[in-house]
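Peer 1: Given next are the chains, with one letter for each unit.
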Amino acid sequence: GQQVMQIPQYQHVQEGEDFTTYCNSSTTLSNIQWYKQRPGGHPVFLIQLVKSGEVKKQKRLTFQFGEAKKNSSLHITATQTTDVGTYFCAGKKSAGGTSYGKLTFGQGTILTVHP
Amino acid sequence: GAGVSQTPSNKVTEKGKYVELRCDPISGHTALYWYRQSLGQGPEFLIYFQGTGAADDSGLPNDRFFAVRPEGSVSTLKIQRTERGDSAVYLCASSFPLDRGGTDTQYFGPGTRLTVL
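Chains as they are written, first to last, in my numbering: chain A, 1 to 115; chain B, 1 to 117.
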């Protein structure tokens with residue numbers, strides 16, 4: 001079945017340093033979604049990438065979708081303590097004709113930021 | 001409503017008991033999803049509904065798990081003869097699909113933490 005691998009599992013940074021998490025799918029994706037989950041919370045939607053090679057920015061966050069639509073990355077510039085949490089990528093498998101369906105989540109990257 | 005709601009927020013039960021978990025999706029969202037999240041893992045898909053029907057139940061681990069959505073809005077996840085391994089956070093999400101004019105983004109509820117003793 002479809003697998004989504006995410007690395008690293010943990011990342012500890014000093015406030016102000018940059019952070020990147022990478023996501024790789026075993027199959028081509030129709031789209032990829034990124035979520036942030038704070039400790040004790042639920043996944044909160046950040047962004048969706050649909051097009052091959054797409055790059056989207058949200059303030060200090062930059063999201064990329066690979067040309068082959070099998071990998072993605074999230075980069076945070078100049079981390080802040082409010083960035084703490086687990087970042088998940090979640091891929092939707094390409095399936096002709098359907099626009100909805102299950103997400104396959106990566107294992108997540110736990111980000112801690114030291115002030 | 002403003003967001004996806006789930007009840008109860010916490011459920012503690014004994015091994016072998018039956019439990020029901022409820023999800024109230026965002027108003028107007030036709031698609032509804034159930035996921036299960038174990039500690040330190042990403043959410044794992046269980047089942048999703050388009051309207052009243054289960055469009056994909058391939059993630060249900062066995063026949064002790066069942067879900068319904070009789071009127072196309074609220075959904076109930078039912079677990080029979082609970083086992084300790086069922087302990088997890090059960091998450092519900094809803095979306096408005098692309099082919100219905102939506103963005104297909106899945107919005108998650110706060111989850112129900114199930115503990116089987």
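In short, the hints are calculated from the structure, not lab data.
Positions of the beta carbon are idealized from the N, C-alpha and C atoms, including for glycine.
Check before you lean on any hint, since a few could be wrong.
Restraint-style ranges between C-beta atoms, simulated for each label pair [as the list claims (entries may be wrong)]:
1. T28(A) / G53(B): 38 to 48 Å
2. T105(B) / E67(A): 43 to 53 Å
3. E15(A) / K17(B): 39 to 49 Å
4. K78(B) / K51(A): 34 to 44 Å
5. G102(B) / Q58(A): 13 to 23 Å
6. Q58(A) / P8(B): 44 to 54 Å
7. Q3(A) / E83(B): 39 to 49 Å
8. R22(B) / R38(A): 21 to 31 Å
Peer 1: All hints, please: hold or fail.
Peer 2: Okay, the hints, checked on the actual structure:
1. T28(A) / G53(B): 38 to 48 Å: Violated, at about 27 Å.
2. T105(B) / E67(A): 43 to 53 Å: 23 Å, violated
3. E15(A) / K17(B): 39 to 49 Å: Distance hint for E15(A), K17(B) holds at roughly 47 Å.
4. K78(B) / K51(A): 34 to 44 Å: Cβ of K78(B) to Cβ of K51(A): about 40 Å, so the range 34 to 44 Å holds.
5. G102(B) / Q58(A): 13 to 23 Å: 20 Å, holds
6. Q58(A) / P8(B): 44 to 54 Å: For P8(B) against Q58(A), whose Cβ atoms are near 34 Å apart, the range 44 to 54 Å is violated.
7. Q3(A) / E83(B): 39 to 49 Å: 26 Å Cβ-Cβ, so the 39 to 49 Å window is violated.
8. R22(B) / R38(A): 21 to 31 Å: 24 Å, holds
Hint check: violations occur at hints 1, 2, 6, 7; the rest are consistent with the structure.
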